[in-house]
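Peer 1: Chain C is already provided as a structure; the job is to place chain E on it using the hints.
Single-letter residue listing:
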Amino acid sequence: MFVLSLRIALCLLLPFGAIFLLGAMPGVNLIWDFSNASGFIAGVLFLLLFAYTGRPLAQPRHDGKFFMALHRDLGFVAALMLAVHIVVMLVDEPLVFDQLSPGAPWPMVAGNLATLILLLLVPLSLTAVRKRIWATHQHFRRWHYAASALVVILTAVHMICIGYYSTVPVKAAFWSLLTGLALAYPLFMHGRAHTGPGGRRRHTAYLATCLSLGVLFAGLLLAAVYSVLGSVDLPL
Amino acid sequence: MNGRWGLLLTIPLVIAFAVGIRAGHDNLARQHPVLPINFEHNNHGSVNCVVCHHDFSDKSSAVSATGSRTCVLCHKETPRLAVNIEHDFHNLCVSCHLQSLQAFHKSGPVRSCKACHTTPPQ
Numbered sequence: 001m002f003v004l005s006l007r008i009a010l011c012l013l014l015p016f017g018a019i020f021l022l023g024a025m026p027g028v029n030l031i032w033d034f035s036n037a038s039g040f041i042a043g044v045l046f047l048l049l050f051a052y053t054g055r056p057l058a059q060p061r062h063d064g065k066f067f068m069a070l071h072r073d074l075g076f077v078a079a080l081m082l083a084v085h086i087v088v089m090l091v092d093e094p095l096v097f098d099q100l101s102p103g104a105p106w107p108m109v110a111g112n113l114a115t116l117i118l119l120l121l122v123p124l125s126l127t128a129v130r131k132r133i134w135a136t137h138q139h140f141r142r143w144h145y146a147a148s149a150l151v152v153i154l155t156a157v158h159m160i161c162i163g164y165y166s167t168v169p170v171k172a173a174f175w176s177l178l179t180g181l182a183l184a185y186p187l188f189m190h191g192r193a194h195t196g197p198g199g200r201r202r203h204t205a206y207l208a209t210c211l212s213l214g215v216l217f218a219g220l221l222l223a224a225v226y227s228v229l230g231s232v233d234l235p236l
Numbered sequence: 237m238n239g240r241w242g243l244l245l246t247i248p249l250v251i252a253f254a255v256g257i258r259a260g261h262d263n264l265a266r267q268h269p270v271l272p273i274n275f276e277h278n279n280h281g282s283v284n285c286v287v288c289h290h291d292f293s294d295k296s297s298a299v300s301a302t303g304s305r306t307c308v309l310c311h312k313e314t315p316r317l318a319v320n321i322e323h324d325f326h327n328l329c330v331s332c333h334l335q336s337l338q339a340f341h342k343s344g345p346v347r348s349c350k351a352c353h354t355t356p357p358q
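As they're listed, the protein sequences go chains C and E.
The first sequence begins at 1 in our numbering and counts up by one.
The second sequence begins at 237 in our numbering and counts up by one.
Among the hints, erroneous ones may be present.
Below are the DSBU-like pairs computed for lysine-lysine, each with C-alpha atoms no more than 35 Å apart in a straight line [as the list claims (entries may be wrong)]: (1) E:K312 / C:K171; (2) E:K312 / C:K131; (3) C:K171 / E:K350; (4) E:K312 / E:K295; (5) E:K342 / E:K295; (6) C:K131 / C:K65; (7) E:K312 / E:K342.
These aren't lab readings, by the way, just hints derived from the structure by calculation.
None of these values were measured; they are calculated from a predicted model.
If we strip away everything but chain C, and leave its shape as in the complex, we get (with noise of 0.2 Å):
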């Protein structure tokens, strides 16, 4: 679990370090860095979902209940952190409203895709729904990757696109990395068992949950600090 805690500290730390910190970019005013991390940090855990796609790993020895509460908070914590991204810059920036209507400039009209693709796709895949729509558990599972493909592809170029953090170009092809090997490590690690000797622990789904709560407030809280550090002269 501790170790669990930390890889996903460091995949939340490095891209944003590699994007926000290395080269930064001038601070915009403490609303409009502490939005535009929150997205970011949203981008990543979108990102982070493809590697924990709620099958079973060797690692953590915990249930397959674990993983699947692991792939659906985290999955919900992605979902408000964008939520946070979209309403406090409406908040602060009431002209942003304009930027909601088709005929926004292209990277916003992909970020606001994407935004509609995620509210479809996240109530649909809830147990209870999906059973109903989905025949097999096979389908539901094509059908997911491929809207949750199309959620990263939009997000990439609305990130890319729209500038400013992400500007570089190195920036750019490291993020479209990123969203690359996401998008193929479910592909590769399809066929790889997960499953290693021993037994696992069971009834531990609460653990993921609280761990997602972890993710959240850091997140909420690394956003927090970087719009504080955009905003204040360093005496560097």
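Peer 2: Below, chain E without anything else, positioned relative to chain C:
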């Protein structure tokens, strides 16, 4: 064989869909009203005039269908330019402001909408 025919039919359909979406988007972008802009000439005294008023140096006609010579209206009333008006003007303003900001000089806004898009004081 069926798969190949299906693919052959799908490609033009996808292209037609993309062209339709593009045309619809461009049409909406052209119809979008110009937002109010509070631009102070006095604050931009250090910028060479032809950076913005390019028509004087590149000898472009720079007159819109209605005869307007103001920067924003000329771009807005020329269909080819109207599609990219937001990108072009943001790029012109922000790139210069950002350069100044990164050199630790006093600068105009780089991102915040309401910092520029307000009704100018009368």
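Peer 1: Assess, step by step, whether the Cα of C:K131 is no farther than 35 Å from the Cα of C:K65, and give holds or violated.
Peer 2: 17 Å, holds
Peer 1: Tell me if the straight-line CA distance from E:K312 to E:K342 falls inside 35 Å.
Peer 2: 30 Å, holds
Peer 1: Does the structure keep E:K312 and E:K295 at a Cα separation of 35 Å or less?
Peer 2: 19 Å, holds
Peer 1: For E:K312 and C:K171, compute the direct alpha-carbon distance and say whether it is at most 35 Å.
Peer 2: 33 Å, holds
Peer 1: Could you grab the alpha-carbon distance between E:K342 and E:K295 and see if it respects the 35 Å cut-off?
Peer 2: 32 Å, holds
Peer 1: For the pair supplied as a hint, E:K312 and C:K131, confirm whether the alpha-carbon distance does not exceed 35 Å.
Peer 2: Given pair E:K312, C:K131 is violated - Cα atoms ~51 Å apart, limit 35 Å.
Peer 1: With the threshold set at 35 Å, check whether the alpha-carbon distance from C:K171 to E:K350 stays at or below it.
Peer 2: 28 Å, holds
Hint compliance for this structure: hint 2 is the single one not met.
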